[in-house]
Each structure stands twice: as structure tokens, then as C-alpha cells.
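Residue numbers (my numbering): 3 to 134.
These aren't lab readings, by the way, just hints derived from the structure by calculation. Built from N, CA and C at the ideal position, the CB exists for glycine as well. Mixed in with the good hints, there may be bad ones.
Unchecked claim - List of simulated lysine-lysine pairs, DSBU-like, C-alpha gap at most 35 Å: (1) 37 <-> 110; (2) 118 <-> 37; (3) 37 <-> 74; (4) 118 <-> 103; (5) 110 <-> 74; (6) 74 <-> 103.
As the list claims (entries may be wrong) - Across the chosen pairs, the derived CB separations fall in these ranges: (7) 4 <-> 121: 19 to 25 Å; (8) 3 <-> 110: 18 to 24 Å; (9) 132 <-> 18: 18 to 24 Å; (10) 25 <-> 118: 36 to 42 Å; (11) 89 <-> 22: 29 to 35 Å; (12) 127 <-> 18: 23 to 29 Å; (13) 35 <-> 111: 34 to 40 Å.
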Amino acid sequence: MHLACHGQFRPENPLFSSLHLADGWITVRDICSQKLNAEIVTLSACETGLNKIFAGDEILGLARGFLAAGAKSLCLSLWTVNDEAASVLMQDFYAELRSGKTASEALKVAQCNFIKRGVHPYFWSPFALIGR
């Protein structure tokens with residue numbers, strides 16, 4: 003599953019962190035109530051990887067919502083992304099996945115491609131992979 007949209011992290015109430023889809027907003031609370039059978043969910047949006055840790059080490063945010071819904075792995079961003087750079091990175095990432103690489107290997111290769119081109123880390127480093 004690939005979602006390229008606007009994301010919003012709400013540190014004061016992480017369950018209401020959300021993604022803006024074509025037909026409206028979907029919150030972490032909404033996502034947690036879904037049943038996903040997705041090997042990997044890619045959230046190519048701003049701030050999709052941010053979360054807040056509460057007492058008891060409970061992590062809440064979009065990542066937690068998708069993992070709770072059944073996603074096995076997540077590729078997400080830690081800060082605002084440049085749309086053009088994200089598009090190129092995602093094309094490289096999916097090409098590597100199709101070639102048989104694991105998600106972590108595919109993201110590493112896609113990011114290393116940017117390094118080889120001399121691109122500033124701001125453009126390729128917001129993406130991280132969590133899960134299996």
C-alpha cells in the first residue's frame with residue numbers, strides 16, 4: 003500500500019494525527035480499527051513517522067496505527083519531504099523491491115543512489131523503515 007498525501011502529527015493528541023486523503027482525513031484512531039493484510043505500507047507524506055511516547059512506553063502516532071492494523075513494515079518520513087525527491091526515491095525503492103530485495107535493502111539502495119549523485123541528505127534521509 004502506498005499513500006502519497008499530506009500527513010499531520012498532533013503531539014498533544016497523537017490518536018488524532020492524520021493523513022489527508024482525497025475524500026477527507028483519516029486519523030490514527032480510524033486506522034487502528036482497520037484490518038490490513040499489507041506486507042509494506044509506504045507513507046510518502048510529511049511527518050508520518052513522528053510519534054509521542056507516553057508513560058508505560060506506549061508509542062502513539064501514524065506508525066503505531068498502521069502496525070496495529072496489521073501492516074508488517076512501514077516506510078515513512080520523519081520530517082517534511084520534497085515532493086520531487088520523494089518521487090525519485092520511491093521509484094528507486096520500488097524498483098529494488100521488484101528486483102527481489104527486502105524493504106530495508108531496497109530503501110538503503112535508493113538512499114545510496116542519492117548519495118552517489120551528491121544530493122544533500124535533507125532530500126533523501128527523511129525516510130525510515132520500521133517493522134519486519
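Going through the hints against the structure:
no.	hint	result
1	37 <-> 110	holds, 29 Å
2	118 <-> 37	violated, 39 Å
3	37 <-> 74	holds, 12 Å
4	118 <-> 103	holds, 19 Å
5	110 <-> 74	holds, 18 Å
6	74 <-> 103	holds, 16 Å
7	4 <-> 121: 19 to 25 Å	holds, 22 Å
8	3 <-> 110: 18 to 24 Å	holds, 21 Å
9	132 <-> 18: 18 to 24 Å	holds, 21 Å
10	25 <-> 118: 36 to 42 Å	holds, 40 Å
11	89 <-> 22: 29 to 35 Å	violated, 18 Å
12	127 <-> 18: 23 to 29 Å	holds, 27 Å
13	35 <-> 111: 34 to 40 Å	holds, 35 Å
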